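Participant: From first to last, the protein sequence lines stand for chains X and U. When the letters of the first sequence are read in order and numbered with the working numbering, they come out as residues 41 to 188. When the letters of the second sequence are read in order and numbered with the working numbering, they come out as residues 265 to 657.
Check before you lean on any hint, since a few could be wrong.
[Said to hold, decoys possible] Here chain U is said to cover these stretches of chain X; the calculated rule only asks that three of the stretch's residues, wherever they fall, bring their Cβ under 8 Å from a Cβ of chain U:
hint	segment
1	103-111
2	131-137
3	140-149
4	171-177
[Claimed, not checked] Using C-beta positions, here's what the derived DEER-type ranges look like:
hint	chain 1	residue 1	chain 2	residue 2	range
5	X	103	U	361	19 to 27 Å
6	U	645	X	155	53 to 61 Å
7	X	167	U	608	41 to 49 Å
[Said to hold, decoys possible] Residues of chain X placed beyond 10 Å of chain U at every Cβ, according to the derived structure:
hint	residue
8	78
9	99
10	161
11	184
12	185
13	187
Calculated from the structure, these hints are not laboratory results. Values in this document were obtained by computation on a predicted structure and should not be read as measured data. We treat Cβ as the ideally placed atom computed from N, Cα and C, and that holds for glycine.
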Amino acid sequence: MTINRNSGRYLFLVCLLLSIFAPRIASATEPYEVIANPSVAEKTLSKTSLRAIFGMRLHTWSDGTAIRVFVMADDAPLHAAFSKEKLNVFPYQLRSAWDRLVFSGTGQAPDTVASPEEMLARVAGTPGAIGYLTKSKTDGRVNVLQIK
Amino acid sequence: MSTLFWGGGANAQKLPMPQNLPQNLQIHGFASQSWLKSSDNNVFGKSSSDSGSFDFRELGLNASMRPLTNLQFSVQGLSRWAGKGSTGNIRLDYGFVDYTYYTGENGQLGIRLGRMKNPLGFYNDTRDVPFTRPSILLPQSIYFDRTRKLAIAADGMHLYGEYRSDLGDISFQGGVVRPLVRGTEAEAAVFGRLFSGHLTPEISYVSRVNYELDGGRIRFAVSATQLNMGFSPGTGDVLKDGSVRFTPLVFSAQYNAERWSLTAEYALRHLEYKNFGPALPNMDFTGESYYFQGAYRITPEWEGIVRYDVLYTDGSDPHGTKWAAARAGRQAYNRFAKDITVGLRWSITPEFMLRAEYHRVNGTGWLSTLDNPVSSDLAQHWNLFSILGSYRF
Numbered sequence: 041m042t043i044n045r046n047s048g049r050y051l052f053l054v055c056l057l058l059s060i061f062a063p064r065i066a067s068a069t070e071p072y073e074v075i076a077n078p079s080v081a082e083k084t085l086s087k088t089s090l091r092a093i094f095g096m097r098l099h100t101w102s103d104g105t106a107i108r109v110f111v112m113a114d115d116a117p118l119h120a121a122f123s124k125e126k127l128n129v130f131p132y133q134l135r136s137a138w139d140r141l142v143f144s145g146t147g148q149a150p151d152t153v154a155s156p157e158e159m160l161a162r163v164a165g166t167p168g169a170i171g172y173l174t175k176s177k178t179d180g181r182v183n184v185l186q187i188k
Numbered sequence: 265m266s267t268l269f270w271g272g273g274a275n276a277q278k279l280p281m282p283q284n285l286p287q288n289l290q291i292h293g294f295a296s297q298s299w300l301k302s303s304d305n306n307v308f309g310k311s312s313s314d315s316g317s318f319d320f321r322e323l324g325l326n327a328s329m330r331p332l333t334n335l336q337f338s339v340q341g342l343s344r345w346a347g348k349g350s351t352g353n354i355r356l357d358y359g360f361v362d363y364t365y366y367t368g369e370n371g372q373l374g375i376r377l378g379r380m381k382n383p384l385g386f387y388n389d390t391r392d393v394p395f396t397r398p399s400i401l402l403p404q405s406i407y408f409d410r411t412r413k414l415a416i417a418a419d420g421m422h423l424y425g426e427y428r429s430d431l432g433d434i435s436f437q438g439g440v441v442r443p444l445v446r447g448t449e450a451e452a453a454v455f456g457r458l459f460s461g462h463l464t465p466e467i468s469y470v471s472r473v474n475y476e477l478d479g480g481r482i483r484f485a486v487s488a489t490q491l492n493m494g495f496s497p498g499t500g501d502v503l504k505d506g507s508v509r510f511t512p513l514v515f516s517a518q519y520n521a522e523r524w525s526l527t528a529e530y531a532l533r534h535l536e537y538k539n540f541g542p543a544l545p546n547m548d549f550t551g552e553s554y555y556f557q558g559a560y561r562i563t564p565e566w567e568g569i570v571r572y573d574v575l576y577t578d579g580s581d582p583h584g585t586k587w588a589a590a591r592a593g594r595q596a597y598n599r600f601a602k603d604i605t606v607g608l609r610w611s612i613t614p615e616f617m618l619r620a621e622y623h624r625v626n627g628t629g630w631l632s633t634l635d636n637p638v639s640s641d642l643a644q645h646w647n648l649f650s651i652l653g654s655y656r657f
């Protein structure tokens, strides 16, 4: 009896913990990487630079070539995970920052892709491209960038 | 400009990345339609009539292109209907060339030439784009719709720069410009009525410094502007060739969490009228405005906002008592407005949005004199309800 009651409590606690952390676990289930076209010389990027690139405020790589930014839709779980974990911002903040640039003429919006397959194809096929992708979908056609 | 565009295309194989040239062209736009219904007083058309007013529409189309990594061309056309002040004329909202002189991992420095949006507070740069506003009507104490033409954009030169570090990003934008003073809206905003003469632009200055911590979790901005205008009297005008100087100073702060955002702005608006002759004695006063706003995202698609917005036309006479005492038949509540707003946004798709909001206002300080020509018809306490549908691409 006591064992059953204890295990019942234990199960209840586990469920409670799961319900609290479920969204975080769900967004982190699939590991992902920041990927770049092989033409990009950089192998590592600082968080500040990564933020400036995805904020559409840093336009060139260190060798002077153009940066091309690819993202998934605002409501894509991978976009939300990448924004929060790598950039430390929320998707709505990125969208407002891009809107401020686009509708005042002081910048441009990133290119939005519809699927992981398109992300891989566009980053692999566009010189200077940067994006993000789940590890399982990534192959040798793109480089993985380390974020310091 | 066209030589650069088309010349570049013709010599495509000589450029480092010719295949990117057409892809660098971006085209975006928006269209919105609102309906407004007020208990008294008109906002954007005859909103106090039984059927309300549909006379608030905004259409915009823009294009931008980066032929080189450090060069961008941007242009936006806008058509806006908003009561008697804006009647849908298509006009150039902005059009400029942007050259980045220096760019590096930690920042950038550049110059813009042409017609640019004036950097003023958090919202002025994109004030006509419903998706960038927190509500259908921006807080009117600072983003006066009746003086928007003066505040919105100007022709000239801007310098801009940005410095990024672990302690946050600091950016600035400043320039020397010629304000856009043509049209009845600007004249009515400056004089409260129309004359046969016209306003003339004088050299003016705009500037804003922004500080963003942790990718924009905390944002601060200070904007300082000095707009200078002259007046060229027409036949029969009682005014002489005087001058107007408008010097707004705006402090802005915002905190962004996952579900909620808090925003506050405070403005001191110094206004001087000089040398218009006996019909308009010299004036020198400072208006005061502020608002607090909370937004809560119930889901990414649904957002609710609450705001308290206060305008004092003259900070030294906040409730207009001295002003009214000196003018027979004019009411003190013409000189202030306190607006409590609640609103709701529903993003049905990323491209299509619906909004609804309710305003409870005490005072008539920011109402347009074009939509409310008879000041004795104004009511001190009034309500406004509005809905808006907007599409973007």
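Participant: Can you name, in rising order, the numbers of the hints this structure does not satisfy?
Facilitator: Numbers 4 and 9 - these are the hints that the structure violates, sorted from lowest upward.
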